[in-house]
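Visitor: Chain by chain, the residues run as shown.
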Amino acid sequence: MSASAAKGAVVAATRPRRRWHWALALPLGWLLLVVFLAITADWIGLPDPSAQELILRRKPPSAEFLLGTDNLGRDMLSRVIYGARTSLIVGICAPILGFLIGGAIGMSAGYFRGKVDMLAVGFIDILLAFPSLVLALTFTAYLGQSLFNVTLALGILSIPAAARVARANTLAWANRDFVLAARTVGASDWRILTREILPNLLPPMFAFWLVAISVIIVAEGALSFLGLGIPAPQPSWGGMIADGREALDVAPYTALIPAAVMFATVLSLNFVGDMVRNMVDPRRSAL
Amino acid sequence: MSDLLSIRNLVVEYPVGGGRHVHAVSDVTLSVKQGETLGLVGESGSGKSSLARALLQLPPAKAGAVVFDGKDLTQLRGQALRAMRPRLQMIFQDPIASLNPRRRVAEIIAEPLIVSGVSDAAERTRRVRAVMEAVGLDPDLVWNRRPHEFSGGQCQRIAIARALVLEPGLIVCDEPVSALDVSIRAQIVNLLEDMKARFGLTLLFIAHDLAVVKSVSDRVAVMYLGRLCEVADSDSLFATPAHPYTAALMAAIPVPDPDVPLGDTKLKPGDPPSPLDPPSGCRFRTRCPHAQPRCTEEVPPLRQIAPGREVACHFPLVG
Numbered sequence: 001m002s003a004s005a006a007k008g009a010v011v012a013a014t015r016p017r018r019r020w021h022w023a024l025a026l027p028l029g030w031l032l033l034v035v036f037l038a039i040t041a042d043w044i045g046l047p048d049p050s051a052q053e054l055i056l057r058r059k060p061p062s063a064e065f066l067l068g069t070d071n072l073g074r075d076m077l078s079r080v081i082y083g084a085r086t087s088l089i090v091g092i093c094a095p096i097l098g099f100l101i102g103g104a105i106g107m108s109a110g111y112f113r114g115k116v117d118m119l120a121v122g123f124i125d126i127l128l129a130f131p132s133l134v135l136a137l138t139f140t141a142y143l144g145q146s147l148f149n150v151t152l153a154l155g156i157l158s159i160p161a162a163a164r165v166a167r168a169n170t171l172a173w174a175n176r177d178f179v180l181a182a183r184t185v186g187a188s189d190w191r192i193l194t195r196e197i198l199p200n201l202l203p204p205m206f207a208f209w210l211v212a213i214s215v216i217i218v219a220e221g222a223l224s225f226l227g228l229g230i231p232a233p234q235p236s237w238g239g240m241i242a243d244g245r246e247a248l249d250v251a252p253y254t255a256l257i258p259a260a261v262m263f264a265t266v267l268s269l270n271f272v273g274d275m276v277r278n279m280v281d282p283r284r285s286a287l
Numbered sequence: 001m002s003d004l005l006s007i008r009n010l011v012v013e014y015p016v017g018g019g020r021h022v023h024a025v026s027d028v029t030l031s032v033k034q035g036e037t038l039g040l041v042g043e044s045g046s047g048k049s050s051l052a053r054a055l056l057q058l059p060p061a062k063a064g065a066v067v068f069d070g071k072d073l074t075q076l077r078g079q080a081l082r083a084m085r086p087r088l089q090m091i092f093q094d095p096i097a098s099l100n101p102r103r104r105v106a107e108i109i110a111e112p113l114i115v116s117g118v119s120d121a122a123e124r125t126r127r128v129r130a131v132m133e134a135v136g137l138d139p140d141l142v143w144n145r146r147p148h149e150f151s152g153g154q155c156q157r158i159a160i161a162r163a164l165v166l167e168p169g170l171i172v173c174d175e176p177v178s179a180l181d182v183s184i185r186a187q188i189v190n191l192l193e194d195m196k197a198r199f200g201l202t203l204l205f206i207a208h209d210l211a212v213v214k215s216v217s218d219r220v221a222v223m224y225l226g227r228l229c230e231v232a233d234s235d236s237l238f239a240t241p242a243h244p245y246t247a248a249l250m251a252a253i254p255v256p257d258p259d260v261p262l263g264d265t266k267l268k269p270g271d272p273p274s275p276l277d278p279p280s281g282c283r284f285r286t287r288c289p290h291a292q293p294r295c296t297e298e299v300p301p302l303r304q305i306a307p308g309r310e311v312a313c314h315f316p317l318v319g
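In order, the protein sequence lines correspond to chains A and B.
Okay, so the first sequence: first residue is 1 according to my numbering, each after it adds one.
Okay, so the second sequence: first residue is 1 according to my numbering, each after it adds one.
Isolated chain B, as found in the complex (with noise of 0.2 Å):
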């Protein structure tokens, strides 16, 4: 399979006064292939929204290029960039914040279709009403509401919808099942994936929560501190990690069961440092327990160690 979407080099940064930046994302080289469903993991303040925000171009990123069906977005400006953006969109961490309190549901899910040109108000009404019962709502029952009339899950139901009325390629994700209750998740991820399915999508699927990212993600890449760990197919990535971060977040998953011990992570005791004065080397020595004087001074490239398995260590646990 073809790469859908490819991100070379990309840095983002944001200044913080007195001359300084935070190094949201430091040079991170990743490629999303057309109809996979790849998993971004890492903890609060890894990069992972401001890589997926970059990537939209809101805002662009500070060096590195955005290749989405042959073309650099970074490169693109004004009407050009605004012709691109219905094929990439994006559902939002807290589906209330996403919709427009003021607005009915309906002008919600079809002001995508206004912007981008679809002048005849039958036909938008015959999308919108489409859509609404391709994610579960009932036209008839939402049309004229606004949004704080729903509970969480159902304003992500119409956020999907708004991602999903203009049928794009890729569709980012950032925490979509977060901020929602634990019962409605399932809900929500098994409609992104009956999406998937339906309307061929490409998913870029961010969270925090590795119980879900294993059930959705084909493929798997990890952050920290702005860096790519291992990028890996789903499977071998949580049977058999190889970069000591991501050893360590599997045995941070809590069993079930409270007779089973808290795993141990065998991480040295600290806070992750600080993204304004990231570590020199390798990002992680500072809480790696295999840490060797060479990660202070190399910085480990992200090299491939098994056919599509790429790991950013000197020493990995694997291969």
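Here chain A stands alone, though its shape is the one from the complex (with noise of 0.2 Å):
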């Protein structure tokens, strides 16, 4: 047959379908909320988070206060909607700049392998190798606490995992034939690892990247709660349930209300999270 003849039997497959579950509506609908609120918090008319009332401390939840006051008669709904806002700026931000520098560590080390390949291995070790919250207790204990160096201690302690998963689907992609085929073409190393390459990693990263989100907000509570993160009165929810801790006794509300919001929050992050890992399989998208 020739090939004009073959013309006629071009025939694509048809798009396989990707379904949403239903039983992702629930989370993504709590992650959808959260995040409006903390993108409009200052235009909904809530009371200033900050602003103290010392004879209203401690009022269980009421119809002026939907989610009561915390130790200092601060308006709980407020802090938590402005705590938020902290949570997700940290959250999004630090696995961001982890994976941009891990991300890259990992694609050169899997793709250049041999030495650049052992020093990026040992680098990460050495990374992994020091107690995570006490390497960010060090750097804002030393650089001083601020929103930027919670995000930046955070961030570089996501690098080592960013890499380990950029490193991982570099391996598995670098040596197919069309990575091969790139270069018979004569493409730069650069433009393999950019046009080849990259566009295969970006959504089981992207994947891992919903999951960091959720990692680093517990991490940025803990570090909160111990007192080195973001600094007061600018809510965040690990210091809220670090106030709220002085009360549990008398008002536990206080601290269980921005944890059980953190608990939704990381749990319908890891839900979408995990969804969204089963739709890029890299074994379907393998076909």
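Heads up, a few of these hints could be off.
Stated by the list, open to error - For each label pair, taking beta carbons as the anchor points, the in silico distance ranges come out as:
{"id": "1", "chain 1": "A", "residue 1": "133", "chain 2": "B", "residue 2": "45", "range": "50 to 56 Å"}
{"id": "2", "chain 1": "A", "residue 1": "114", "chain 2": "B", "residue 2": "303", "range": "48 to 54 Å"}
{"id": "3", "chain 1": "A", "residue 1": "175", "chain 2": "B", "residue 2": "270", "range": "29 to 35 Å"}
{"id": "4", "chain 1": "A", "residue 1": "24", "chain 2": "B", "residue 2": "126", "range": "40 to 46 Å"}
{"id": "5", "chain 1": "A", "residue 1": "175", "chain 2": "B", "residue 2": "209", "range": "24 to 30 Å"}
{"id": "6", "chain 1": "B", "residue 1": "104", "chain 2": "A", "residue 2": "278", "range": "20 to 26 Å"}
{"id": "7", "chain 1": "A", "residue 1": "191", "chain 2": "B", "residue 2": "199", "range": "21 to 27 Å"}
{"id": "8", "chain 1": "A", "residue 1": "101", "chain 2": "B", "residue 2": "181", "range": "44 to 50 Å"}
What the hints assert, rightly or not - Over 10 Å on every C-beta distance to chain B, these chain A residues come out as not near it, computed from the model:
{"id": "9", "residue": "45"}
{"id": "10", "residue": "180"}
{"id": "11", "residue": "181"}
{"id": "12", "residue": "185"}
{"id": "13", "residue": "247"}
{"id": "14", "residue": "276"}
No lab work stands behind these hints, which were simulated from the structure alone.
Heads up, the beta-carbon is just placed ideally off N, CA and C, and yes, glycines get one too.
Reassemble the complex: the two chains are provided individually, in unrelated frames, and hints are given to aid placement.
Guide: Spelled out as structure tokens, the structure:
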């Protein structure tokens, strides 16, 4: 059969549908709500999260204070929402930082192999050998507590994990024939890394990033709980739990409410992250 | 006709740890003439693909020279080598793995043009459309699709289009039809033949399917355990094999008739020896029905026994 006769035989398979599972609606809805409130916090008529009203301290939830007030009489709802802003900024930015650096390290290691690989893996192992929370504590204690420094510290902590995911995936893709084909046309290493390998790395990295957000939110909470997170009076979930700890016997909700919000958010992120990871499973996308 | 490509004393070895090496290709000298199709056959592990990759410098061979159009590729580095690459292209065995699953067909075929500096987008589009039509793909239908939406045969057409778009001199086809459905093979083989005529290509066609090799090749080279056994024009090789290994391969071709008994290859029973520790002398001697003491001691050199006919055997069956 000649080439022109086969032309009519061009049949492309239909695009496989990626179905959204109904169970995804609840966690996704919760995340959207948290993000929406965090963004619009200034415009939805919330009381000042730092305004203290000592007469009204430790009030249980009521019509006036939907989630009650804390030890210093500050509105809990307002603080939880403004705290979401802090937690999300740290939770989203820190892994981005770590993924940019760790991703670059991991990709170079998996692509160039040899000495680059040895150096990168050594660096990752050294970073992993530090107790992570102690490293972050040292960092914020030394450089000072600020949103930026906390983000930086947690970002550095997420480098090893990101580098490992990037390296493992790069190893799997770098030996495929299409990379060889790119090399036969004379593509440079940089072009192969960015145009052939990176697009295949993004889906698994994105799924992992979603999970990393939840880990970082918890880590930021732990730092704040230890008093080395975001400085007062700026609210963050971890800091609120730490504040509420003092009054666990008389007003347990001051610690439990931010804890519950954090729990729901982290759980939702993990659900969505798992779902996304299933959807971009490299075994299926390899076909 | 002059030689477009000549391979001289090529050696490819892979370290396997413990200081040991796989001797994938040992001292192979072979030339490909301008405009011909050279078939390269041999069983799995005989070093066919290693040879193909080494001549494209992916990675460069351990020793030997690969002279393409007067330039020794093994001496070129960096930019100079990249500038030569477009003239030698490759088609791979697994068409699906040879296409990036995240990129669209038009991007995949345009990529070589971008890499080699065709910066005019309209010019690229024109050339991509032309080559798509040449390989029997409808540009409007396939343009924005991704490789997983196509069958193996269609993917191989895309891969052929990508190899052709730079108008190379030589295409190395590394088992281009082995992974395809039998019903599709003839289409792809015919497409390659059409393209060869249309673009004036030279093909190095690697396969283990002897029927395919016979139908496409002008000359055939037979490899066994990293060494060349025999090089001859296709007709005389298939009619009167000179090397005992070639003869055994011919005898093993099944006849499509259940009443015909299986051919006797007359081989000594056993597996091919390990390429980690190949036999001394002639590498085929452990299975050769004609092996003599001399075969253990002396490596038979590839020597001419008739015009255009070379064999590496102390006791060739012809000549």
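Visitor: Could you run down the list of hints and mark each one as holding or not?
Guide: The hints, checked one at a time:
Between residue 133 of chain A and residue 45 of chain B the beta carbon distance is about 53 Å. The supplied range of 50 to 56 Å therefore holds. One distance hint, 48 to 54 Å for the beta-carbon pair residue 114 of chain A and residue 303 of chain B, is violated here, with the actual separation near 41 Å. Between residue 175 of chain A and residue 270 of chain B the beta carbons are some 32 Å apart, a value that agrees with the proposed interval 29 to 35 Å. For residue 24 of chain A paired with residue 126 of chain B, a C-beta distance near 45 Å keeps the hint of 40 to 46 Å intact.
For residue 175 of chain A and residue 209 of chain B, the Cβ-Cβ distance of about 25 Å falls inside the hinted range of 24 to 30 Å, so the restraint holds. Separated by about 24 Å at the C-beta atoms, residue 104 of chain B and residue 278 of chain A satisfy the suggested range of 20 to 26 Å. Distance hint check for residue 191 of chain A and residue 199 of chain B: the Cβ-Cβ separation is about 26 Å, which falls inside the suggested range of 21 to 27 Å. Checked against the given bound of 44 to 50 Å, the beta carbons of residue 101 of chain A and residue 181 of chain B, roughly 46 Å apart, stay inside it.
Under the 10 Å C-beta cut-off, the non-interface status given to residue 45 of chain A relative to chain B holds; the minimum distance is some 46 Å. With a cut of 10 Å on Cβ distances, residue 180 of chain A falls inside the contact zone with chain B, its closest approach being about 6 Å. Listed as outside the interface, residue 181 of chain A is inconsistent with that label: its C-beta sits roughly 5 Å from the nearest C-beta of chain B, within the 10 Å cut-off. Interface exclusion of residue 185 of chain A from chain B breaks down, the closest Cβ pair being 4 Å apart, not more than 10 Å.
Every CB of chain B lies more than 10 Å from the CB of residue 247 of chain A, the least distance being 53 Å, so the non-interface label holds. The beta carbon of residue 276 of chain A sits about 16 Å from the closest Cβ of chain B, which is more than 10 Å, so the claim that it is off the interface holds.
Hint check: violations occur at hints 2, 10, 11 and 12; the rest are consistent with the structure.
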